[in-house]
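In order, the protein sequence lines correspond to chains A and B. The first sequence maps to residues 1 to 429 in the numbering used here. The second sequence maps to residues 1 to 372 in the numbering used here.
Don't take each hint at face value.
Claimed, not checked - With a straight-line cut-off of 25 Å between C-alpha atoms, the simulated DMTMM-like cross-links for lysine to aspartate or glutamate are:
1) B/LYS271 / A/ASP349
2) A/LYS132 / B/ASP276
3) B/LYS273 / A/ASP272
4) A/LYS132 / A/GLU269
5) A/LYS3 / A/ASP204
6) B/LYS275 / A/ASP53
7) B/LYS366 / B/ASP253
8) B/LYS78 / A/ASP77
9) B/LYS273 / A/GLU269
10) A/LYS273 / B/ASP345
11) A/LYS293 / A/GLU269
12) B/LYS12 / B/ASP249
13) B/LYS142 / B/GLU177
14) B/LYS271 / B/ASP235
15) B/LYS225 / B/ASP186
16) B/LYS179 / B/ASP157
17) A/LYS293 / B/ASP276
18) B/LYS271 / A/ASP277
19) B/LYS71 / A/ASP53
20) A/LYS306 / B/ASP258
21) A/LYS389 / A/ASP326
22) B/LYS78 / A/ASP53
23) B/LYS344 / A/ASP272
24) A/LYS132 / A/GLU160
25) B/LYS275 / A/ASP134
26) A/LYS420 / A/ASP374
27) A/LYS273 / B/ASP65
28) A/LYS243 / B/ASP276
29) A/LYS132 / A/ASP272
30) A/LYS337 / B/ASP262
31) B/LYS273 / A/ASP77
32) A/LYS143 / A/GLU120
33) A/LYS337 / A/GLU319
34) B/LYS271 / A/ASP79
Keep in mind that the hints were calculated from the coordinates and are not lab data.
Chain residues, written in single-letter form:
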Amino acid sequence: MRKKEMIAMLLAGGQGSRLGVLTSNKAKPAVMFGGKYRIIDFAMSNCVNSGVDTVGVLTQYQPLLLNQHIGIGTPWDLDRRNGGVTILAPHMKTENGEWYTGTADAIYQNLDFIDQYGPEYVLVLGGDHIYKMDYSRMLDFHKKNNCDVSIAALTVPLEEASRFGVMNIHDDNRIYEFEEKPPQPKSNMANMGIYIFRWELLRDALERDNKVNPDSDFGKHVLPMLLSEGKRMFAYPFSGYWKDVGTIDSYWMANMDLIQTVPDFNLYENFDKIYTDSDHQPPLYTGANTEIKASIISEGSEVLGKVYNSILGPNVIVEEGAVVRDSILMEGCYIGKGTVIERSIIDTDCTIGDGVSIGVGDNVINVHRPKVYDTGITVVGELSSIPDKISIGKNCVIFGKTTPVDYPNNRLESGESIVKRINANGVRA
Amino acid sequence: MRAVGIILAGGKSERLGELTRNRATSALPVGSCYRAIDFPLSNMTNSGISKVAIITQYNSRSLHDHLSSPKWWDLGSKQGGMFVFSPYQSGENSMWFRGTADAIYQNLTFLKRSNEPYVIISSGDCVYKMNYNDLIAYHEQKNADITIAYRQVPDNDDIRQYGVMELDAANRLTDLEEKPLEPQSDLASIGVYVISRPLLIELVETIVSEGRYDLVRDLLSRYRKRLRIYGYRFDGYWRNLGSIHSYFDCNMDFLRRDIRNDFTVQHPYIKTKPKDEPPAKFNNMAHVTNCLVGSGAILNGNANRSIIFRRVYTGEHSTISNAILMEGTYIGNNCVVEHAILDKDVILHNGARIVGTPESPAVITKGHEVKA
Chain A
1 MRKKEMIAML
11 LAGGQGSRLG
21 VLTSNKAKPA
31 VMFGGKYRII
41 DFAMSNCVNS
51 GVDTVGVLTQ
61 YQPLLLNQHI
71 GIGTPWDLDR
81 RNGGVTILAP
91 HMKTENGEWY
101 TGTADAIYQN
111 LDFIDQYGPE
121 YVLVLGGDHI
131 YKMDYSRMLD
141 FHKKNNCDVS
151 IAALTVPLEE
161 ASRFGVMNIH
171 DDNRIYEFEE
181 KPPQPKSNMA
191 NMGIYIFRWE
201 LLRDALERDN
211 KVNPDSDFGK
221 HVLPMLLSEG
231 KRMFAYPFSG
241 YWKDVGTIDS
251 YWMANMDLIQ
261 TVPDFNLYEN
271 FDKIYTDSDH
281 QPPLYTGANT
291 EIKASIISEG
301 SEVLGKVYNS
311 ILGPNVIVEE
321 GAVVRDSILM
331 EGCYIGKGTV
341 IERSIIDTDC
351 TIGDGVSIGV
361 GDNVINVHRP
371 KVYDTGITVV
381 GELSSIPDKI
391 SIGKNCVIFG
401 KTTPVDYPNN
411 RLESGESIVK
421 RINANGVRA
Chain B
1 MRAVGIILAG
11 GKSERLGELT
21 RNRATSALPV
31 GSCYRAIDFP
41 LSNMTNSGIS
51 KVAIITQYNS
61 RSLHDHLSSP
71 KWWDLGSKQG
81 GMFVFSPYQS
91 GENSMWFRGT
101 ADAIYQNLTF
111 LKRSNEPYVI
121 ISSGDCVYKM
131 NYNDLIAYHE
141 QKNADITIAY
151 RQVPDNDDIR
161 QYGVMELDAA
171 NRLTDLEEKP
181 LEPQSDLASI
191 GVYVISRPLL
201 IELVETIVSE
211 GRYDLVRDLL
221 SRYRKRLRIY
231 GYRFDGYWRN
241 LGSIHSYFDC
251 NMDFLRRDIR
261 NDFTVQHPYI
271 KTKPKDEPPA
281 KFNNMAHVTN
291 CLVGSGAILN
301 GNANRSIIFR
311 RVYTGEHSTI
321 SNAILMEGTY
331 IGNNCVVEHA
341 ILDKDVILHN
351 GARIVGTPES
361 PAVITKGHEV
371 KA
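With these hints in hand, go ahead and build the complete structure from the sequences.
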């Protein structure tokens with residue numbers, strides 16, 4: 001195995017429970033974003049665009065879709081003989097076998113994988129943020145400052161810093177303190193969860209920490225330990241677009257960022273492209289009476305109705321007379337004739353009948369999961385269907401093949417849910 | 001698999017003018033994201049053929065660019081693969097292919113090293129979808145030496161531009177005439193053949209040794225009485241891209257749902273090289289009706305009945321109708337484009353006007369800049 005200077009370890013095992021039904025059958029990094037992409041595409045593409053050609057993807061929660069999407073890495077040119085992409089799932093060992101119990105534990109359980117490449121540096125990052133970043137420049141920074149650990153830091157307005165894990169730094173960017181969501185932040189450097197470690201140092205730290213903390217976590221255990229030992233830890237300042245899409249609202253907002261006339265996050269540059277598994281997607285078609293404004297529409301869609309301020313994934317059909325407004329329709333959805341959809345997220349392969357309205361009525365917070373569905377957005381889970389002439393309110397959740405029987409008076413009031421499918425863990429979405 | 005494939009992609013067509021000045025006809029962009037060769041090439045892999053030779057000659061760079069990797073057509077395998085052959089110099093000779101049969105002859109090693117019983121030959125510049133297994137089944141049923149796919153040419157199409165076939169009651173070929181002045185039937189070859197591999201090797205070696213180099217004239221037509229040559233009727237959509245008109249019409253045909261879906265939705269669909277462009281973006285001023293739009297396009301203007309390729313930009317208050325805008329075309333504000341074909345990377349400055357007629361669409365050369 002040829003030696004690599006730096007390899008990436010991409011943490012993609014999280015559930016993302018605050019995304020509700022969107023993650024009931026798939027890991028958060030596999031959720032579609034920006035029409036044709038999946039959330040993990042951004043981190044994966046950043047890796048290859050930064051010249052990192054060896055990526056270990058750590059999966060745990062509902063990995064089927066993620067595994068299929070990543071495959072052998074072809075969309076990112078990571079189908080390589082030396083390096084490339086490797087899916088690292090929890091596995092049995094001679095003495096024991098266990099799940100990944102923390103972010104650092106996941107890396108610890110894959111020491112052998114990293115050792116194969118004998119890297120000098122290891123890049124650890126999450127698979128659930130939307131951004132473009134050149135990790136090779138961060139590595140330059142790391143080397144220049146002779147760092148043990150460098151941590152990418154988003155410079156945020158000071159008044160917003162209390163929402164983040166904050167790094168307090170000296171003038172030379174050296175970190176002297178970590179604070180988690182401090183009420184009175186001393187610094188505007190927010191931890192983005194992107195780390196470069198000297199491998200020798202990280203290997204030793206993981207082995208030591210695992211003896212103390214079986215649920216070894218970078219933020220909680222490993223980084224504070226290294227800081228207390230006086231290691232050279234620096235914040236690498238980053239000021240570009242970076243969005244966490246961990247909630248229904250932030251997911252919806254980040255999608256809507258893409259439809260600005262000149263978006264803050266520009267996918268249309270001809271460098272640093274974002275790659276995804278989009279082979280053989282045909283062009284889209286607009287009908288004779290179509291109206292599409294302030295929207296992005298992906299390949300293979302057929303829009304015969306009207307679409308405003310919306311994001312359409314591949315192979316979506318919007319029939320004649322349908323109106324879609326302020327919504328996200330993911331791959332393979334069918335929207336029937338005369339149907340009106342407002343401020344909703346419809347996951348992949350849903351069938352919405354004729355004359356349906358979704359997202360109408362009063363803004364009542366969801367009764368069953370008030371912390372997840374509270375911003376007026378109605379969410380329809382993957383592979384669901386809704387029969388003709390049904391009216392559905394705001395903050396509703398629909399998951400599964402529904403029939404007219406499920407809707408008394410052909411209505412689902414705001415804040416109500418119909419969940420017919422139970423996910424693999426037996427938990428209601 | 002029971003056949004290897006050969007795609008003849010070396011030809012040029014004088015009638016395409018500027019469109020093929022720097023590209024092979026088989027590399028012509030079609031339907032917002034395809035190239036002509038994607039159709040026969042996808043037909044090959046969709047029919048289970050895993051070993052395909054593509055023979056290029058005229059303006060081959062454009063094709064080689066598109067065929068940069070076999071994996072997009074599922075041909076990146078150890079058993080089989082995609083072989084792109086261009087004329088080359090060797091110790092004995094350095095010559096261009098003198099005809100279609102010569103092109104096969106000069107690459108005969110490909111056929112000699114194969115084991116499959118049949119060869120499917122297709123031209124590279126026709127838009128159609130065919131399961132070649134049906135063709136082979138018919139060939140075997142007729143116990144034929146060669147089978148030629150043909151179609152009945154509709155009245156609105158000029159049959160004198162094709163190879164016209166006369167068939168007997170059992171569909172055996174009795175006569176074949178290239179571009180006849182006095183066509184004797186309305187049945188035209190669509191340039192798709194099946195023949196046994198050893199027979200093709202034998203015939204090509206024989207005719208080339210006699211100084212004959214053309215597949216249709218010197219092999220099919222000349223041997224029609226000695227060999228059992230049959231016609232296989234094909235009723236699906238088929239267009240050749242031999243003229244500006246047929247090129248324009250073929251693109252516009254993709255606006256029809258039945259034709260478009262046959263190629264793009266009905267499994268197995270046509271495959272092409274992915275370009276990873278973002279979704280098409282429709283801004284506030286856009287009004288786009290009855291159009292096909294490729295990914296990465298950014299649209300601000302009006303467009304109707306047009307084929308818009310990838311990465312096209314249209315400015316505000318521009319009006320586009322009955323037009324083909326190839327990849328990377330930039331159209332400024334207040335432009336008018338009607339009955340036109342804008343080749344790749346054409347730039348229209350604000351207020352520019354390109355207006356052709358239905359009979360003769362305006363053609364703007366690749367990379368050309370047009371000022372108001």
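Hints and how they fare:
The straight-line distance between the Cα atoms of B/LYS271 and A/ASP349 is roughly 22 Å, inside the 25 Å bound, and the hint therefore holds. Taken as a hint, the A/LYS132 and B/ASP276 pair is honoured in the structure, with Cα atoms around 16 Å apart against an allowance of 25 Å. Taking the CA atoms of B/LYS273 and A/ASP272, the gap is about 19 Å. The hint holds against a cut of 25 Å. Straight-line distance between C-alpha atoms of A/LYS132 and A/GLU269 comes to about 12 Å, which keeps the hinted pair within the 25 Å bound.
For the hint pairing A/LYS3 with A/ASP204, the CA-to-CA distance comes to about 20 Å; that is within 25 Å, so the pair holds. Restraint check for B/LYS275 and A/ASP53: the C-alpha separation of about 20 Å stays at or below 25 Å, so the hint holds. For the hint pairing B/LYS366 with B/ASP253, the CA-to-CA distance comes to about 23 Å; that is within 25 Å, so the pair holds. Taking the CA atoms of B/LYS78 and A/ASP77, the gap is near 19 Å; set against the 25 Å cutoff, the hint holds.
Using a Cα cut-off of 25 Å, the hinted pair B/LYS273 and A/GLU269 holds, with the two alpha carbons roughly 20 Å apart. A hinted pair counts as satisfied when its Cα atoms are at most 25 Å apart, and A/LYS273 with B/ASP345 qualifies at roughly 19 Å. Under the criterion of a C-alpha separation no larger than 25 Å, the hint pairing A/LYS293 with A/GLU269 is consistent with the structure, at around 21 Å. The suggested pairing of B/LYS12 with B/ASP249 holds, with an alpha-carbon distance near 19 Å, which does not exceed 25 Å.
Our distance criterion of 25 Å between C-alpha atoms is met by B/LYS142 and B/GLU177, whose separation comes to about 22 Å. Restraint check for B/LYS271 and B/ASP235: satisfied, since their Cα atoms lie roughly 22 Å apart, inside the 25 Å limit. In summary, the hint linking B/LYS225 to B/ASP186 is supported, as the alpha carbons are separated by about 21 Å, within the 25 Å threshold. Using a Cα cut-off of 25 Å, the hinted pair B/LYS179 and B/ASP157 holds, with the two alpha carbons roughly 13 Å apart.
Using a Cα cut-off of 25 Å, the hinted pair A/LYS293 and B/ASP276 holds, with the two alpha carbons roughly 23 Å apart. At most 25 Å may separate the alpha-carbon atoms for a hinted pair to count; B/LYS271 and A/ASP277 meet this at roughly 14 Å. Taking the CA atoms of B/LYS71 and A/ASP53, the gap is about 19 Å. The hint holds against a cut of 25 Å. Between the alpha carbons of A/LYS306 and B/ASP258 the distance comes to roughly 22 Å, so the proposed pair stays at or under 25 Å and holds.
With a CA separation close to 21 Å, the supplied pair A/LYS389 and A/ASP326 stays within the 25 Å bound. With a C-alpha separation of about 24 Å, the suggested pair B/LYS78 and A/ASP53 falls inside the 25 Å cut-off, and the hint holds. The suggested pairing of B/LYS344 with A/ASP272 holds, with an alpha-carbon distance near 22 Å, which does not exceed 25 Å. Of the supplied pair hints, the one linking A/LYS132 and A/GLU160 holds, its CA atoms being roughly 22 Å apart against a limit of 25 Å.
With a CA separation close to 21 Å, the supplied pair B/LYS275 and A/ASP134 stays within the 25 Å bound. At roughly 21 Å between alpha-carbon atoms, A/LYS420 and A/ASP374 fall within 25 Å of each other, so this suggested pair holds. Under the criterion of a C-alpha separation no larger than 25 Å, the hint pairing A/LYS273 with B/ASP65 is consistent with the structure, at around 20 Å. Distance check on the hinted pair: A/LYS243 and B/ASP276 sit about 22 Å apart at the alpha-carbon level, within 25 Å; holds.
Using a Cα cut-off of 25 Å, the hinted pair A/LYS132 and A/ASP272 holds, with the two alpha carbons roughly 8 Å apart. In summary, the hint linking A/LYS337 to B/ASP262 is supported, as the alpha carbons are separated by about 23 Å, within the 25 Å threshold. Straight-line distance between C-alpha atoms of B/LYS273 and A/ASP77 comes to about 14 Å, which keeps the hinted pair within the 25 Å bound. Annotation: proposed proximity of A/LYS143 to A/GLU120 holds, straight-line Cα distance about 11 Å (limit 25 Å).
Between A/LYS337 and A/GLU319 the alpha-carbon distance is near 5 Å, which keeps this suggested pair within the 25 Å criterion. At roughly 20 Å between alpha-carbon atoms, B/LYS271 and A/ASP79 fall within 25 Å of each other, so this suggested pair holds.
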